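Number of protein chains: 2
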Amino acid sequence: MMKFYEKYREAVNRNNSLVCVGLDTNPKLIPDFLNQEPDPIFAFNQRIIDATCDLVSAYKLNSAFYEAHGSKGFEILKKTRDYIPAHIPAILDGKRGDIGNSSKMYAKMAFDEFGFDAITVNPYLGGDSIEPFLEYKDKGIFVLCLTSNSGALDFQMHGKPPLYLRVAELVNKWNTNKNCGLVIGATKAELLKKVREFAPELILLIPGVGAQGGNIEEVVKYGVGTIHVEAKRKSCSAEVGLPLLIINSSRAIIYASHESDFAQKARESTITLRDNINKWRK
Amino acid sequence: MMKFYEKYREAVNRNNSLVCVGLDTNPKLIPDFLNQEPDPIFAFNQRIIDATCDLVSAYKLNSAFYEAHGSKGFEILKKTRDYIPAHIPAILDGKRGDIGNSSKMYAKMAFDEFGFDAITVNPYLGGDSIEPFLEYKDKGIFVLCLTSNSGALDFQMHGKPPLYLRVAELVNKWNTNKNCGLVIGATKAELLKKVREFAPELILLIPGVGAQGGNIEEVVKYGVGTIHVEAKRKSCSAEVGLPLLIINSSRAIIYASHESDFAQKARESTITLRDNINKWRK
Numbered sequence: 270m271m272k273f274y275e276k277y278r279e280a281v282n283r284n285n286s287l288v289c290v291g292l293d294t295n296p297k298l299i300p301d302f303l304n305q306e307p308d309p310i311f312a313f314n315q316r317i318i319d320a321t322c323d324l325v326s327a328y329k330l331n332s333a334f335y336e337a338h339g340s341k342g343f344e345i346l347k348k349t350r351d352y353i354p355a356h357i358p359a360i361l362d363g364k365r366g367d368i369g370n371s372s373k374m375y376a377k378m379a380f381d382e383f384g385f386d387a388i389t390v391n392p393y394l395g396g397d398s399i400e401p402f403l404e405y406k407d408k409g410i411f412v413l414c415l416t417s418n419s420g421a422l423d424f425q426m427h428g429k430p431p432l433y434l435r436v437a438e439l440v441n442k443w444n445t446n447k448n449c450g451l452v453i454g455a456t457k458a459e460l461l462k463k464v465r466e467f468a469p470e471l472i473l474l475i476p477g478v479g480a481q482g483g484n485i486e487e488v489v490k491y492g493v494g495t496i497h498v499e500a501k502r503k504s505c506s507a508e509v510g511l512p513l514l515i516i517n518s519s520r521a522i523i524y525a526s527h528e529s530d531f532a533q534k535a536r537e538s539t540i541t542l543r544d545n546i547n548k549w550r551k
Numbered sequence: 270m271m272k273f274y275e276k277y278r279e280a281v282n283r284n285n286s287l288v289c290v291g292l293d294t295n296p297k298l299i300p301d302f303l304n305q306e307p308d309p310i311f312a313f314n315q316r317i318i319d320a321t322c323d324l325v326s327a328y329k330l331n332s333a334f335y336e337a338h339g340s341k342g343f344e345i346l347k348k349t350r351d352y353i354p355a356h357i358p359a360i361l362d363g364k365r366g367d368i369g370n371s372s373k374m375y376a377k378m379a380f381d382e383f384g385f386d387a388i389t390v391n392p393y394l395g396g397d398s399i400e401p402f403l404e405y406k407d408k409g410i411f412v413l414c415l416t417s418n419s420g421a422l423d424f425q426m427h428g429k430p431p432l433y434l435r436v437a438e439l440v441n442k443w444n445t446n447k448n449c450g451l452v453i454g455a456t457k458a459e460l461l462k463k464v465r466e467f468a469p470e471l472i473l474l475i476p477g478v479g480a481q482g483g484n485i486e487e488v489v490k491y492g493v494g495t496i497h498v499e500a501k502r503k504s505c506s507a508e509v510g511l512p513l514l515i516i517n518s519s520r521a522i523i524y525a526s527h528e529s530d531f532a533q534k535a536r537e538s539t540i541t542l543r544d545n546i547n548k549w550r551k
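Protein sequence lines correspond, in order, to chains A and B. Mapping of the first sequence onto our numbering: residues 270 to 551, in sequence order. Mapping of the second sequence onto our numbering: residues 270 to 551, in sequence order.
Simulated from the structure, these hints should not be mistaken for laboratory data. Nothing here was measured: the structure is a model prediction, and the numbers come from that model. Treat each hint with caution, since some may be false.
Unchecked claim - Listed next, the stretches of chain A that the computed footprint assigns to chain B, with coverage defined by at least 3 CB atoms under 8 Å from CB atoms of chain B:
1. 329-338
2. 366-372
3. 387-394
4. 432-444
5. 527-538
Claimed, not checked - Computed cross-link-like contacts, DSSO-like style, restricted to lysine-lysine with a CA-CA straight-line distance of at most 27 Å:
6. A:Lys429 with B:Lys429
7. A:Lys347 with B:Lys297
8. A:Lys373 with B:Lys377
9. B:Lys341 with A:Lys341
10. A:Lys463 with B:Lys429
11. B:Lys348 with A:Lys377
12. A:Lys341 with B:Lys377
13. B:Lys442 with A:Lys377
14. A:Lys377 with B:Lys347
15. A:Lys348 with B:Lys462
16. B:Lys463 with A:Lys429
17. A:Lys373 with B:Lys347
18. A:Lys348 with B:Lys347
19. A:Lys373 with B:Lys373
20. B:Lys442 with A:Lys373
21. B:Lys348 with A:Lys348
22. A:Lys297 with B:Lys341
23. A:Lys341 with B:Lys373
24. B:Lys348 with A:Lys373
25. B:Lys348 with A:Lys341
26. A:Lys347 with B:Lys373
27. B:Lys463 with A:Lys347
28. A:Lys341 with B:Lys347
29. A:Lys347 with B:Lys347
30. A:Lys406 with B:Lys297
31. B:Lys490 with B:Lys429
32. A:Lys297 with B:Lys373
33. A:Lys377 with B:Lys297
34. A:Lys297 with B:Lys377
35. B:Lys373 with A:Lys348
36. B:Lys462 with A:Lys373
37. B:Lys377 with A:Lys347
38. B:Lys462 with A:Lys429
39. B:Lys348 with A:Lys429
40. B:Lys548 with B:Lys462
All residues carry an ideal CB built from backbone N, CA and C; glycine is no exception.
Make a model of the complete structure from these sequences and hints.
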């Protein structure tokens with residue numbers, strides 16, 4: 270099986286894109302005419318994937334939006350994951366984490382049962398809660414570090430150094446299988462620089478960027494900055510040129526239109542975001 | 270609908286018990302003969318519930334053990350939840366948490382879709398990630414505070430005061446609907462005392478106690494200690510006598526035997542734990 274890291278690199282190169290499309294599909298927000306389909310959420314996802322799969326580096330499925338429909342939702346999650354082309358990485362945004370015995374079950378769910386290439390996990394329970402995920406060496410494990418909501422101030426900034434940097438530091442240490450990443454909210458672009466000091470070699474998954482996001486320049490500047498760090502470290506020189514960045518947009522792409530042209534508009538929004546990002550990559 | 274808090278109080282009084290049985294059901298660990306049943310996990314859970322429902326204050330279902338089986342697992346979770354008698358609180362141990370929009374979906378899953386009385390959540394994303402759960406005023410929201418694994422040292426002890434006490438302090442503040450609680454690992458019984466200084470009025474959910482747990486005395490002493498705090502605060506005097514403590518045991522009860530007598534042995538282990546706890550309640 271191709272490693273997440275390699276699959277990601279191939280998708281980035283193939284589609285010349287760092288964009289990840291977030292399939293946070295809410296049945297109340299999809300076009301009315303899809304409700305005549307037997308499975309409206311899946312029908313919506315199919316059309317979004319068809320319209321964007323030559324433009325993205327990954328898809329991210331937010332587990333919450335599927336679980337909200339119980340076991341039926343889990344079926345749609347599985348069908349959608351299986352519909353994503355095999356050469357595009359599929360990330361389960363589940364933010365899971367529990368003591369080892371239970372995390373093992375969550376890893377089994379994400380990787381064995383659903384076949385995702387990567388998952389987001391929550392660091393609160395510490396290293397041994399993340400270990401069962403890391404043991405899947407071919408998968409990508411994105412640990413929550415700094416989020417884009419206002420509540421991020423409650424705990425993520427606690428202590429000296431602030432907790433989020435402590436997380437970045439330890440996850441960087443746990444990266445012995447080269448399968449770790451961090452989740453960093455795009456609204457905190459200036460803090461990316463600090464994260465990179467602690468974690469120069471991790472892929473950053475950046476949610477919170479819209480098609481019109483004004484901080485794309487900063488995100489790319491500080492996120493891609495890692496190339497230079499790696500270039501200096503001779504041991505990693507083979508990776509020079511890889512951006513180590515996945516920039517997610519959900520609502521701004523999938524709900525770009527609520528009419529029958531939603532898939533075409535999603536495609537256009539993805540192109541706009543891809544080009545906005547690529548403008549700053551050189 | 271009866272509030273979680275009232276339902277918990279009634280169950281404690283009816284069964285004279287603080288024991289919560291954790292249904293972390295692993296198909297590899299259930300007696301062989303159950304594999305002839307059409308749904309072995311559910312058959313196991315039914316028998317455990319039948320054998321213990323007059324002895325407990327709550328049941329806790331660890332979501333990970335069900336999700337590991339995909340949509341079929343979510344069906345078993347639902348069937349098991351529905352099988353728990355209506356007067357006994359059912360807690361979903363899901364450790365969920367995401368930005369507001371997504372947490373709302375997780376709350377919908379736990380409360381509207383599955384009908385749980387309470388859920389465990391992860392505090393890492395801060396107050397606005399927990400808010401959508403708290404808006405369900407009739408439900409119990411248990412926030413992870415201090416866990417029993419060795420990884421708890423990685424982040425929960427970070428800063429001054431340590432992060433877990435900051436969590437206890439803020440959750441106590443967010444308790445305006447009187448529906449908050451904390452999850453505190455039993456192996457840290459001596460730290461319960463500190464938690465109680467910051468959060469005197471929250472129900473504590475204590476996992477990690479086995480039938481032979483040597484620290485039950487300390488857990489009860491420091492956990493139930495809140496009664497005295499509340500007694501001193503005249504405003505809460507109506508609650509004097511309520512222990513504000515839920516002590517969970519999973520494996521030591523449900524796997525007390527792997528033979529055909531497993532339900533009877535689970536009953537006996539529950540009685541032993543209940544009596545061990547009650548010995549220290551007076």
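(request) Check each numbered hint against the structure and report the violated ones by number, ascending. (result) 5, 13, 15, 20, 27, 36 and 39
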